[in-house]
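Trainee: Sequence:
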Amino acid sequence: MNEKIEGKVWKFGDNVDTDVIIPGRYLRTFSLDDLAAHVMEGVDPDFSGNVQKGDIIVADWNFGCGSSREQAPVAIKHAGVSAIVAKSFARIFYRNAINIGLPVIVADINAEKGDILKIDMEKGIIENQSTNETFKIEPFKKFMLDILKDGGLVNHYLKLKEE
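Quick note on numbering: the sequence shown equals residues 0 to 162 in numbering that gives the first Met the number 0.
Hints should not be assumed to be uniformly reliable.
Result set (DSS-like, lysine-lysine): computed pairs, CA atoms no more than 30 Å apart in a straight line [as the list claims (entries may be wrong)]:
(1) K135 - K7
(2) K7 - K112
(3) K141 - K86
(4) K160 - K122
Keep in mind that the hints were calculated from the coordinates and are not lab data.
The whole structure should be built from the sequences, with the hints applied where relevant.
Mentor: What follows is the structure in structure tokens.
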């Protein structure tokens, strides 16, 4: 994970729950590829076939609500999404995402599907390259950036243990 992220926007609305992020019928697999092949299927059946490494999800309110399934952020990250920007997140989804090294950013920004965003998490800036708009966000604290840079909480802990 880099403090600077650039990618194409995938736009979603309010209350995108974990059941549409990764439908329950796919939770019996331990294959990350299988999970990623069905990610966001409940709201955009074409998402998994078209998402590119580095793309960014932009959503409205309450992203990741519903059950606390850890597979939801895992499937999103494994599909290649580099960050999620939303007006708000379900608390457990937010924590699960950080724990696996997937940046989740609380912000109300103007972006549409296909726009190109540049995110600087250290400085607290999101630039929409397609509309030439800049949005200020709360900069990430160093310890959060370190967790994300290390690929999640477990990797971060193991790195600290070695030091």
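Trainee: Does each hint hold? Answer for all of them.
Mentor: Hint-by-hint comparison with the structure:
no.	hint	in the structure
1	K135 - K7	19 Å, holds
2	K7 - K112	8 Å, holds
3	K141 - K86	22 Å, holds
4	K160 - K122	28 Å, holds
Checked against the numbered hints above, the structure violates none of them.
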